[in-house]
Amino acid sequence: MTWFLDHVQDVLDLAVQHVYLAGLPLVIGLLLALPLGWLARRYPGLYTPFTAGFGLLYTIPSLALFILLPGILGTRILDRSNVLVAMTVYTVALLVRTVADALGAVPDDVKQAATAMGFTRFRRFFAVELPLAVPVIAAGMRVAAVSNVSIVSVAAVIGIPQLGLLFTDGFARSFYDPIVVGLAACFVLALAFDLVILAVARLLTPWQRAGGAS
Amino acid sequence: MIVFDGVTKRYPGGTVAVDNLSLVAPNGKITVLVGPSGCGKTTSLRMVNRMIRPTSGTITLDGRDTARMKESDLRRGMGYVIQHAGLFPHRTVLENIGTVPRLLGWDRRRTDARAHELMEQVGLDEVFASRYPSQLSGGQQQRVGVARALAADPPVLLMDEPFSAVDPVVREQLQDEFLRLQDELGKTILFVTHDIDEAIKLGDQIAVLRVGGVLAQLADPAYLLNHPVDDFVADFVGRDRGYRALSFQPTPRLPLRPERTLLIGETTQGVAQDWALVVDDANHPLGWVEPRRVTGEIRSEMLHRGGTVARASGPLRGALDAALSSPSRRGVIVDDSGSLVGTVQAHEVLNAIEEAARPEVADPTNPGAPAR
Numbered sequence: 016m017t018w019f020l021d022h023v024q025d026v027l028d029l030a031v032q033h034v035y036l037a038g039l040p041l042v043i044g045l046l047l048a049l050p051l052g053w054l055a056r057r058y059p060g061l062y063t064p065f066t067a068g069f070g071l072l073y074t075i076p077s078l079a080l081f082i083l084l085p086g087i088l089g090t091r092i093l094d095r096s097n098v099l100v101a102m103t104v105y106t107v108a109l110l111v112r113t114v115a116d117a118l119g120a121v122p123d124d125v126k127q128a129a130t131a132m133g134f135t136r137f138r139r140f141f142a143v144e145l146p147l148a149v150p151v152i153a154a155g156m157r158v159a160a161v162s163n164v165s166i167v168s169v170a171a172v173i174g175i176p177q178l179g180l181l182f183t184d185g186f187a188r189s190f191y192d193p194i195v196v197g198l199a200a201c202f203v204l205a206l207a208f209d210l211v212i213l214a215v216a217r218l219l220t221p222w223q224r225a226g227g228a229s
Numbered sequence: 005m006i007v008f009d010g011v012t013k014r015y016p017g018g019t020v021a022v023d024n025l026s027l028v029a030p031n032g033k034i035t036v037l038v039g040p041s042g043c044g045k046t047t048s049l050r051m052v053n054r055m056i057r058p059t060s061g062t063i064t065l066d067g068r069d070t071a072r073m074k075e076s077d078l079r080r081g082m083g084y085v086i087q088h089a090g091l092f093p094h095r096t097v098l099e100n101i102g103t104v105p106r107l108l109g110w111d112r113r114r115t116d117a118r119a120h121e122l123m124e125q126v127g128l129d130e131v132f133a134s135r136y137p138s139q140l141s142g143g144q145q146q147r148v149g150v151a152r153a154l155a156a157d158p159p160v161l162l163m164d165e166p167f168s169a170v171d172p173v174v175r176e177q178l179q180d181e182f183l184r185l186q187d188e189l190g191k192t193i194l195f196v197t198h199d200i201d202e203a204i205k206l207g208d209q210i211a212v213l214r215v216g217g218v219l220a221q222l223a224d225p226a227y228l229l230n231h232p233v234d235d236f237v238a239d240f241v242g243r244d245r246g247y248r249a250l251s252f253q254p255t256p257r258l259p260l261r262p263e264r265t266l267l268i269g270e271t272t273q274g275v276a277q278d279w280a281l282v283v284d285d286a287n288h289p290l291g292w293v294e295p296r297r298v299t300g301e302i303r304s305e306m307l308h309r310g311g312t313v314a315r316a317s318g319p320l321r322g323a324l325d326a327a328l329s330s331p332s333r334r335g336v337i338v339d340d341s342g343s344l345v346g347t348v349q350a351h352e353v354l355n356a357i358e359e360a361a362r363p364e365v366a367d368p369t370n371p372g373a374p375a376r
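Each protein sequence line maps, in turn, to chains A and B. The first sequence begins at 16 in this note's numbering and counts up by one. The second sequence begins at 5 in this note's numbering and counts up by one.
Chain B with its partners taken away, still in its complex shape:
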């Protein structure tokens, strides 16, 4: 558990980067610090491993004051990932990953074994082991960065915009893998980003900071989207927050309709509907066809693939999006194995949303206050 208690960083000349920050990053959870540039989020992160020293206030790690710990020991006990990975260009991937274990005095064999294990864990092929960082793509470098941070199995990870410098597709992939990894590892993570979508996707709790290093709001993502404390947070959280908040609402039991399905190679004779759903042998949805415009057998390239597919056990956002994006206006719902269970229409999803409870406000006089 990382606890900020009244932490302030004031630079000579009077600039205040972080102003009286009090915050608890609970064990095993991802706490995201988010805010515009100049909000002191990176400064806050760097005060945890004392790359930057607070002017006043204390930061404790599992109850121990970090100011009283030896800096190198403190840092070796925390994984650290930065934007461009900050890999050592003169060391191979394997050596990069083994950095902290070597600093801790592990022997070569144990370090290498651990590094290989981590490469597998973060999804890096063995062939990269002996390559240098310049031979890797940005996404691969970032994986090495994560592996390096995890090498000595530290309980705490500090991550400073680790996925910002890669293209959106790779970023999403890295985020998904990061969440999967965190499910396995359960680290205590402090994560800095300027991207509110990333914060909402990754955070168990989100601390929104405003310029000048003042904590504006600390809440879990759903609460933040539903109850921003003020205009600043509301603006920062973004316009379509109502829609995005649906990501955190589980789908209730929807009135699913059975759907007439067809297979590739079948003809559409005798199908009366405007749209028919095509599935594969395992009943996995492939796309829609318009029977009256199809003559002969259905071929793969005839399918309309615009509709998204939602899991029945997923959030409401998925179900609504499936309905909205479907060419037939019927949203495709599948079970966890991806098999079709039925379709649903947008108004039915909206009914479900109407009936679902909004996150409870703890303090009606101050809805943005953190729920306790």
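Chain A on its own, in the form it takes in the complex:
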């Protein structure tokens, strides 16, 4: 506890880095997964290759990805963008299927009605399908957020500062206080991400809280 009180500022700095490295890819990943998931729905032949193919990316060990990416992207090994790209890959891996399934769950008669009303395909997506897909997409986002918070810590091994540094530091010194603080901080961060996503989803779906027929 004394260790934590002595290092509050350091832990906070690392936490901010952690939020940045886990959070930004979550947003970029969603923006990439939306068109990919839409394509998987629009062209049924793409569904299986897309969901299975992108899903496979998740099986690449994070450490391997952190080390391989500089070679592929031409970045330096300590560049934070390697971590951002890697985390984006994991987010996309999780969200393509989610988005495709969320769009697939939009009732057919609602889509038909929208088309019959004269929505263009593009407008229908943003005005009808996407809003109705929010609850399912939000559920997928919550999984991806927790996964990102957890995986980012591995980047400590290659020296990118975030909460994971507390683990490598504690391990190197056989000193458990930073490890415990790091675990608690990761837990709090994951919870915070979860709550933010829930709150945004709630804001976007007032219709979900309307009661049944009276």
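Bear in mind the hints are in silico, worked out from the structure with no lab data behind them. Quick caveat, the model's predicted, so the values are computed rather than measured. Even glycine gets a Cβ: it sits at the ideal position worked out from N, Cα and C. Check each hint, because a few of them may be wrong.
Chain B is faced by these chain A residues, among others (derived, beta-carbon under 8 Å) [said to hold, decoys possible]:
#1 L71
#2 T74
#3 Q127
#4 T130
#5 A131
#6 L147
#7 T220
#8 A225
Simulated DEER-style distance windows between Cβ atoms [said to hold, decoys possible]:
#9 A/R138 with B/A366: 20 to 26 Å
#10 A/R136 with B/V365: 48 to 54 Å
#11 B/Y15 with A/A154: 33 to 39 Å
Sample of chain B residues at the chain A side, in silico, Cβ under 7 Å [claimed, not checked]:
#12 K74
#13 H94
#14 Q139
For this one, chain A is given, so just place chain B on it according to the hints.
Structure of chain B alone, referenced to chain A:
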């Protein structure tokens, strides 16, 4: 006017959903497409707004080939109502109704004003404006569906089994209101149903389709009931078609009998008949009593209410049913304000039916051919 000219829809694999359909849906009239499942009625409807593209043939709208119109423009110019209403669950009733006006670029204020106007027109209370579809009953949702279709005041309405998913009582109510609305609005309506009773009730003309998408007969309801073109149509139209056809025959002048009437609270002393009719202060019939079985004053709960009441200006079916359903065997006939004008017996109605002309057959060699 919607004109189908030799329209065929063939799916890859060879299934023919609609086979060489030629049909005119005249302006301001309700044209009902009816038939068993697999007869291509919904496919035909969806080809009008090009949700489904015909394999061959043309569909014109007031002389314009729909294939040459921009799809979104074509659709915004046609109201569309489907079975479960297909409302947008994430939009309020008001927003749902305002969908097409917004697509057409109306501003918010004008759209909302129009949506409120429509809610009133279809009989939806103002309190529903800010509710979501999940908070509405099936019948209310369907009203919103109709209001949404009418929002931009399109000349054409496409309706695909709009009243099938609600219970019979609500369905009848919706049908009646729909007819009242159509009297006011005079839209060109193409209406799909599998229910021949609904078709007969709502249609100005009825197109009966058989499985495989072939038009079996196109006729107005009375003609269809009297002269089905073949066994398929006859079966489809149903067994009691002779009786139902009376719905389309106006009642001629019937030999009405004056009726001894009583008021609630009166006693039956001195009334000799087996049955006496009880009316209210405005001479509106309430029900029958058996004077010899009533002691003391007549109370409301003593009334036999089994008899139907027919309007003198209504169809023959009503007059006959009034006679058949009356416990006294005397059918109660009222004027348009609901006041008693007299009673009639079944044989008198039957005499009137005997004397009434049957719908004329245009072509004796082919009685089912459409009258021209």
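Restraint outcome when A/A131 is required to lie within 8 Å of chain B by C-beta distance: With Cβ-Cβ at 4 Å, under 8 Å, it holds.
Status of the hint placing A/L147 at chain B (closest C-beta pair under 8 Å): holds, 6 Å
Holds or violated: the hint that B/K74 contacts chain A, with Cβ atoms closer than 7 Å. violated, 10 Å
Does the CB of A/T220 sit less than 8 Å away from some CB of chain B? holds, 7 Å
Classify the hint on A/A225 as holds or violated, based on whether any CB of chain B lies nearer than 8 Å to its CB. holds, 4 Å
Under the criterion of a CB-CB separation shorter than 8 Å, is A/L71 in contact with chain B as hinted? violated, 33 Å
Do the Cβ positions of B/Y15 and A/A154 conform to the proposed distance bound of 33 to 39 Å? holds, 37 Å
20 to 26 Å was suggested as the range; check whether the CB atoms of A/R138 and B/A366 agree with it. Because 49 Å falls outside the window, the suggested range is violated.
Hint says 48 to 54 Å; check whether the CB-CB distance for A/R136 and B/V365 agrees. holds, 51 Å
Hint validation: A/T74 versus chain B, beta carbon distance must be below 8 Å. Holds or violated? violated, 36 Å
Please check whether A/T130 passes as an interface residue: C-beta within 8 Å of a C-beta belonging to chain B. holds, 6 Å
At a threshold of 8 Å, is the proposed contact between A/Q127 and chain B supported by beta-carbon distances? holds, 6 Å
Checked against the numbered hints above, the structure breaks hints 1, 2, 9, 12 and satisfies the rest.
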